[in-house]
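S.K.: Chain by chain, the residues run as shown.
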Amino acid sequence: MFNLNQQGQIILLATIFMTLITINVVLLISNAINFNNNSRYSVQGLQATNIAEAALDKAVASLNATVGSYTGEGETFLGPGSYEVTVTTLPASKLITATAYIPNKTNTKIRRTISIQTAKGAGAAFNYGIQVGEGGIVMSNGANVDGSVYSNGNIVMNGNNTISGDTYVAGGTQPSPDQQTDCASVCDFQFGGAGFFSQIDVAQSFKPSVSSQLNKVSLKLKKIGSPNGDLRVDIMRDNGGKPNTSSTLAYTNIYNSLVSSTYSFVTVGFVAPAILTAGTTYWIKIHPDSSCCSSSKRWSWALDGTNPYNLGFGSYNNGTNNLWNSLTTSDFVFQTYMGGVPTKIIGAQPSNTKITGNAYANTLYNIGVGGDAYFQSEGQVLVRGSNCSTNIYCHVVSVDPGPATMPISDAQIAEWKSQTATNPINSIPACSSQITLGPGKYIGNVVFPNNCTIIIKSPLYITGNLTLGNNDIIKLDPSYGLSSGVVMTDGLITINPNVHATGSGTAGSFLMLLSTRDHSLGAAITVDNNFNSNVLDKALLYAGNGTISVANNVKVNEISAWGITLSNNVTISYDTGLASTFFSSGPSGAFSAIKGTYQSK
Amino acid sequence: MLEVLIATTITGIAGSLLVTIMVQNSGLYTQQTAKVSQGISLNDTTTQLTEAIKSASFIAPTYPSINPVYTTDTTTTLILGVPSYDSSGKTIDNTYDYVIFVKDSSNPKIFRKRVFPDTASSRKSENRVLLTKLVSILFVYLNQADAPAGVSAASKIDFTLNVSEKAGFSDVQKSSNGVASLRNS
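The listed protein sequences derive, respectively, from chains A and B.
First residue of the first sequence: 1, per this note's numbering; consecutive thereafter.
First residue of the second sequence: 602, per this note's numbering; consecutive thereafter.
Bound-form chain A, shown alone (with noise of 0.2 Å):
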């Protein structure tokens, strides 16, 4: 029954042995395909969810170059895939979805859909997370900012600082005009098209008294109706008497937002600025959003008939370059302000006082830097642990950062108050608990005691000084959704310790404290210590003519101040990112994102 001689054992053994052997090979191709098409189906998830994050981006930007009527668009190729978006109108938003295909709709292998809400409003522009103006920021000892500052003046950092993040200060400007001219009378010049067919650009014409850069520029404007889009300014060299196009020495915008519906000066400033010479004729010109204007909307710069500026003359166009109509007799109403004031950055010593990105100003003196260096002169320097006698990391520049503009001009508040003088509030109710006051107008002091939550109906002003007690909580009414709101003081802003300021409570939504003193009355906002220690709180600190001063640990979405002074040991922080954050009033702005709609699928 069984031969034990039967030949072939070997090889039946063998066969069992290359089975196995088979199977395992088998196996780990079979694996090996697995994870390469794991590996291959997240990286192609990860290029669909940069194509739709790229749509979402265009489609913010088609909406604001559309005002407002792109409605999305189909199946369009990007990169290794291909997108679409819709667009939905909702109540007081735009739901933007992006849909991104790898690699085409037809064939899908991979589809990521994202989706976002934007909305238009006031459009305050708050580009950096801390904007200080020509008061500069002085740090005492133990000071830190965790994040990037831009500021029109010195700092001054007095020992063991840090600045965790690029740091700016813009080359100074002169404290009085180069060239102007006012309006004496009646100073209407209409622009923008529709109705005005050949009034589309205008310009003015001037010729500096000094060899210098242009850091900024002053303008007398006013808007009719709600006409759309921004102003674009542009210096231009001259070419036989006029503006020369094809030659833009700078340029910078004026955010719609910023010009009120009366006339008022607007000032700019050009971020990289012009080097202009003494006696030589230079144009402003200003360009309109191509559908800014109807019969209804449009905006004028104010023009004097009587040629109250010898050096220059104003200029029209019909939005061609070269038909440009002089107004030989009449001036637009315009300031230069000129640069050459040295700024600075200071430390007290590179060790202990610190910029941990790119240092930026006319001047650096006894810093350490932990980026590049970019500067006129320097002084005891350490840039990423050397000086700068042959640091490829230090960079001498000609030209200074020129001036930021401040995000909210004195004619949007001037409008805001207004506002309020048709609800005007005669007393203030006394607070156990809980009030809600607003909007309107009060005239006089208001102090608030301890533990009391204050529900604010925007826009509020109060005329005098406004004191927020220990762990006050000052909110926006939750009916403002997305909005935010704005409470107004012309006094003292006094924020005692544990206070919370926070928005409607929708993502998206702040409140904002702005004063109106100057600088020269004192402080216009003091923080104490321990503001907004919730994570949800949201709030903005403004006081473009005045001074913010901060005692420790205080977190802040957005502060722009004339001059900020940090205490002893203060750390401040701050979200970025508010490209432009929307009031419940005011002339409308550019389409924005709202933070907290973003939503993948």
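Note that these hints are calculated values from the structure, not bench results.
Ideal Cβ positions, reconstructed from N, Cα and C, are used throughout, including at glycine.
Heads up, a few of these hints could be off.
If you want the ones that stay clear, here's a sample from chain A, every Cβ over 10 Å from chain B, calculated [stated by the list, open to error]:
(1) 38
(2) 70
(3) 327
(4) 463
(5) 473
(6) 490
(7) 598
Beta-carbon label-pair distances, calculated as ranges [to be verified]:
(8) B:733 to A:39: 32 to 40 Å
(9) B:719 to A:387: 50 to 58 Å
(10) A:39 to B:719: 41 to 49 Å
Use these hints to put chain B onto chain A, whose structure you have.
M.R.: Chain B only, in chain A's frame:
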């Protein structure tokens, strides 16, 4: 007799070779399978972390706020507050769900994702094991300038995951790193 001896010797040599090949093959199989398994788990975990961070409005220091069970730190736990949404997918104002990535306290090799939705939210609760061979995790909280920051000031999170397991006679290790911004912050 000589033939039997030769046959036995050949069989022995061939058998030894086959057994050696078998053992090595099994070792290779075990190691490669472990690597593949770790890679897939890390890919999935990285994707889960990135998407949750991008959707987050804030990093919560604790959850729940009263008598907290979880506390955000750098080596075991990340608590994210993400906007709640209703049945139509619309965000609910001022309402947040909490997504927690946590190293299991009873078995530190296990890395979990837990979702605690608000009562008004349509987001589903979740208790999902992402990794079973975790060695360490590290969360670094960064501000907008990419500098280390406190939890309340963070706008980005840099995370690193390390996994390791015994495969055959050696350890198989893998790590994954990523940075994501809080898009809803």
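S.K.: All hints, please: hold or fail.
M.R.: These are the hints, each one checked on the structure:
1. 38: violated, 5 Å
2. 70: holds, 21 Å
3. 327: About 47 Å separates residue 327 of chain A from the closest Cβ of chain B, which puts it past 10 Å; holds.
4. 463: At roughly 32 Å from the nearest Cβ of chain B, residue 463 of chain A sits farther out than 10 Å, so the non-interface label holds.
5. 473: Consistent with the label, residue 473 of chain A stays out of reach of chain B, its closest Cβ about 14 Å off (over 10 Å).
6. 490: For residue 490 of chain A, whose nearest Cβ neighbour in chain B is about 32 Å away, the distance exceeds 10 Å, so it holds.
7. 598: Not fine: 4 Å to the nearest Cβ puts residue 598 of chain A too close to chain B.
8. B:733 to A:39: 32 to 40 Å: violated, 20 Å
9. B:719 to A:387: 50 to 58 Å: Since the Cβ atoms of residue 719 of chain B and residue 387 of chain A sit about 56 Å apart, the hinted range of 50 to 58 Å holds.
10. A:39 to B:719: 41 to 49 Å: Between residue 39 of chain A and residue 719 of chain B, where Cβ atoms are some 35 Å apart, the hint is violated.
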